[in-house]
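Assemble the complex: chain B is given as a structure, and chain E must be docked to it using the hints.
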Amino acid sequence: MLDKLINLFPEPARPYVAPILAIVIVLNVNLGVCSYLILLERKLSAWMQDRHGPNRVGPWGLLQPLADMGKLLLKEDVIPGHVNKVLFVLAPGISVFTTFLAFAVVPFGPVPSNLTPGDGQFPFIIAPGVDLGIVFIFAIGSLAVYGIILGGWASNNKYSALGCLRASAQVVSYEIPLGMSVVGLAMLNSSMSIEKIMTNQVDQGFIGWNIWYQPLACVIFFIAAMAEAQRLPFDLAECEQELIGGWHTEYSAMKWGLFFLAEYTHVITISFLTSILFFGGWHFPFIAEATSNYTGATAVKVAVLLSKVFAVIIVIQMLRWTIPRFRFDQLMGLAWKGLIPLATVNVLLVMIVKQFDLHTLWLFPLSIAAFVAAGLMATQSSRPFAIKAKLPVEGHGHGHHVHAH
Amino acid sequence: MKNGALLIPVCLGWLAIFWLLPRAKPRSRILGAIIGLAALLALQATFLPPVGNIVRDGMFYLFSGSAILAATLMITDRNPVYAALWFALTTLSVCGLFLLNSAPFLSAATIIVYAGAIVVTFLFVIMLAQQTANANYDHRAVQPVLASVMSFVMLGALLFALQEWGGIDGKADDAAREGQFVAVDASSKANQFSQPPSSNKTEIGSMRVLGRSLFSDYLYVVELAGTVLLIATIGAIAIAPRRSQGTL
Numbered sequence: 586m587l588d589k590l591i592n593l594f595p596e597p598a599r600p601y602v603a604p605i606l607a608i609v610i611v612l613n614v615n616l617g618v619c620s621y622l623i624l625l626e627r628k629l630s631a632w633m634q635d636r637h638g639p640n641r642v643g644p645w646g647l648l649q650p651l652a653d654m655g656k657l658l659l660k661e662d663v664i665p666g667h668v669n670k671v672l673f674v675l676a677p678g679i680s681v682f683t684t685f686l687a688f689a690v691v692p693f694g695p696v697p698s699n700l701t702p703g704d705g706q707f708p709f710i711i712a713p714g715v716d717l718g719i720v721f722i723f724a725i726g727s728l729a730v731y732g733i734i735l736g737g738w739a740s741n742n743k744y745s746a747l748g749c750l751r752a753s754a755q756v757v758s759y760e761i762p763l764g765m766s767v768v769g770l771a772m773l774n775s776s777m778s779i780e781k782i783m784t785n786q787v788d789q790g791f792i793g794w795n796i797w798y799q800p801l802a803c804v805i806f807f808i809a810a811m812a813e814a815q816r817l818p819f820d821l822a823e824c825e826q827e828l829i830g831g832w833h834t835e836y837s838a839m840k841w842g843l844f845f846l847a848e849y850t851h852v853i854t855i856s857f858l859t860s861i862l863f864f865g866g867w868h869f870p871f872i873a874e875a876t877s878n879y880t881g882a883t884a885v886k887v888a889v890l891l892s893k894v895f896a897v898i899i900v901i902q903m904l905r906w907t908i909p910r911f912r913f914d915q916l917m918g919l920a921w922k923g924l925i926p927l928a929t930v931n932v933l934l935v936m937i938v939k940q941f942d943l944h945t946l947w948l949f950p951l952s953i954a955a956f957v958a959a960g961l962m963a964t965q966s967s968r969p970f971a972i973k974a975k976l977p978v979e980g981h982g983h984g985h986h987v988h989a990h
Numbered sequence: 079m080k081n082g083a084l085l086i087p088v089c090l091g092w093l094a095i096f097w098l099l100p101r102a103k104p105r106s107r108i109l110g111a112i113i114g115l116a117a118l119l120a121l122q123a124t125f126l127p128p129v130g131n132i133v134r135d136g137m138f139y140l141f142s143g144s145a146i147l148a149a150t151l152m153i154t155d156r157n158p159v160y161a162a163l164w165f166a167l168t169t170l171s172v173c174g175l176f177l178l179n180s181a182p183f184l185s186a187a188t189i190i191v192y193a194g195a196i197v198v199t200f201l202f203v204i205m206l207a208q209q210t211a212n213a214n215y216d217h218r219a220v221q222p223v224l225a226s227v228m229s230f231v232m233l234g235a236l237l238f239a240l241q242e243w244g245g246i247d248g249k250a251d252d253a254a255r256e257g258q259f260v261a262v263d264a265s266s267k268a269n270q271f272s273q274p275p276s277s278n279k280t281e282i283g284s285m286r287v288l289g290r291s292l293f294s295d296y297l298y299v300v301e302l303a304g305t306v307l308l309i310a311t312i313g314a315i316a317i318a319p320r321r322s323q324g325t326l
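Residue numbers (this note's numbering), protein chains in the order written: chain B, 586 to 990; chain E, 79 to 326.
Isolated chain B (complex conformation):
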């Protein structure tokens, strides 16, 4: 079917047909899905808080996203007089650009193994064969913070500035556990390419899912990615109670909408990555195996992958009303004292298993043990290495009462 479409074009243009088709599909589906994810999030929030949620526009509020979109497009786009205009306009663009660019190496279906340009197979990925894979996503993701920083600074507003300072500290810190968590994965698969990691899991079947080898890395990756996307337990940069709207206080209409489009695209990307890197991509026992070749198998595989992604998105949205927002020092402590050492231990475990030729399934109990040990160390009052706080204690009868400063 795709061959016929490709053959409609002149010879020099043919290699570009399938990639452009993939880009068009990804962009448009993404835009549509983002607006409906917002509706889903509002409905889920309402359900969790025992409310009705949006139910006025269309049946069950299903046309609410269209109404929202119309409102965002038609509202007056205010650019306050005291802002730095160039950077103020540039910031939402950077946010959207970087999050969409990161999607270029994320497969959204069964990527054919023998892909050549213009051979009539749909690639299911915008940029196939990128050796870097995850590193590329991290590189682009590290640029996403510019949107927030510039937006916050250009707004020339104290709340925005505080929000952007918080955001930059947070994103720069959480990049480290995010990157470290996939090092073990890369060592096990001897590749950073997302397609290769997915194919390796699919070839081994259900037992090949990386969650059995890297459960700790999965948890670290998921937490760090949530923090990178500024989702709720980590949304200190825009927390309403302290900072009005944080870095987007001064934004209105579609510029504000672009920031949220970027946030939801980021959520979709991390959901894709979590399901591909740790939950076997499009593989599901009996339904979508590497050998399954029945009619419509490709559609089933895509559906399996998308269902996994949807499940992760639901988890992310439910977490929003489950865990309260962190305090800033807790947030930094979690990254630097919790996630980074744990990620290092995880890499060390993979190295040990590889070096001594143990069965890779040993990684499952080892990771769980590392996680439990970290939990015990953090919660026990008589923990080793604990810094005893030297608080001045009134009436403590041992001679060293008050250390006045």
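Hints are computed from structural coordinates only; laboratory data are not their basis.
Among the hints, erroneous ones may be present.
Examples of chain E residues lying across from chain B (beta carbon under 7 angstroms, computed) [said to hold, decoys possible]:
1) Ile189
2) Ile196
3) Val198
Residues from chain E that keep clear of chain B, each with C-beta distances beyond 12 angstroms, as calculated [to be verified]:
4) Trp92
5) Leu93
6) Val227
7) Tyr298
By construction, the Cβ of each residue, glycine as well, lies at the ideal position given by its N, Cα and C atoms.
Chain E alone, transformed into the frame defined by chain B:
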């Protein structure tokens, strides 16, 4: 004097940068831009890249042009925030050049480390430190003559060395051969790790080959750099104030 031609672009470039450096009284930017363009054109005579694929050449000129432009704007902009942003753009352009020369990992790592972390930290500091009412001396270069002369002497030395060396395309005797990261002395037995896997010579620049080279050819340097970073980390922790001293 076969390297004498290098003096023209270096001097012209120095003149352009010297003219454009921020002063108390603003100067014509167009004049500086024209001189700078003349310097680049003069340099083309000696360092023209080989012409081949039109897309590749276009990308090369795009990335290198934006790198030079952004670097010039970085050192001549009066606003430190803009200067940091131009620095980020310079880094991104250079990463594009890395990508063109089949070094994707180097490019991604540079983006993560420089554009993603270091420039963000710069911006952080500048935004915290910058006052709204800037004094006059914040708007001009401190040592324009010394700084520009020194940097262009270094640039001239670099260009001279490049011209003498002859490049990676095998003109020079001590250049790396095809499929090698570093030149291997003909008399010594080649380190097998620095050779790319025999199956695929185009894999050079991939992470596998880069890793093998880093941990064989450059093992001592990597370990040394790691040690220096470790010492710096310990030093930072040692300098940071203690809880008992009232902060944190």
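Kindly indicate which numbered hints from before are broken by the structure, ordering the numbers from low to high. 2
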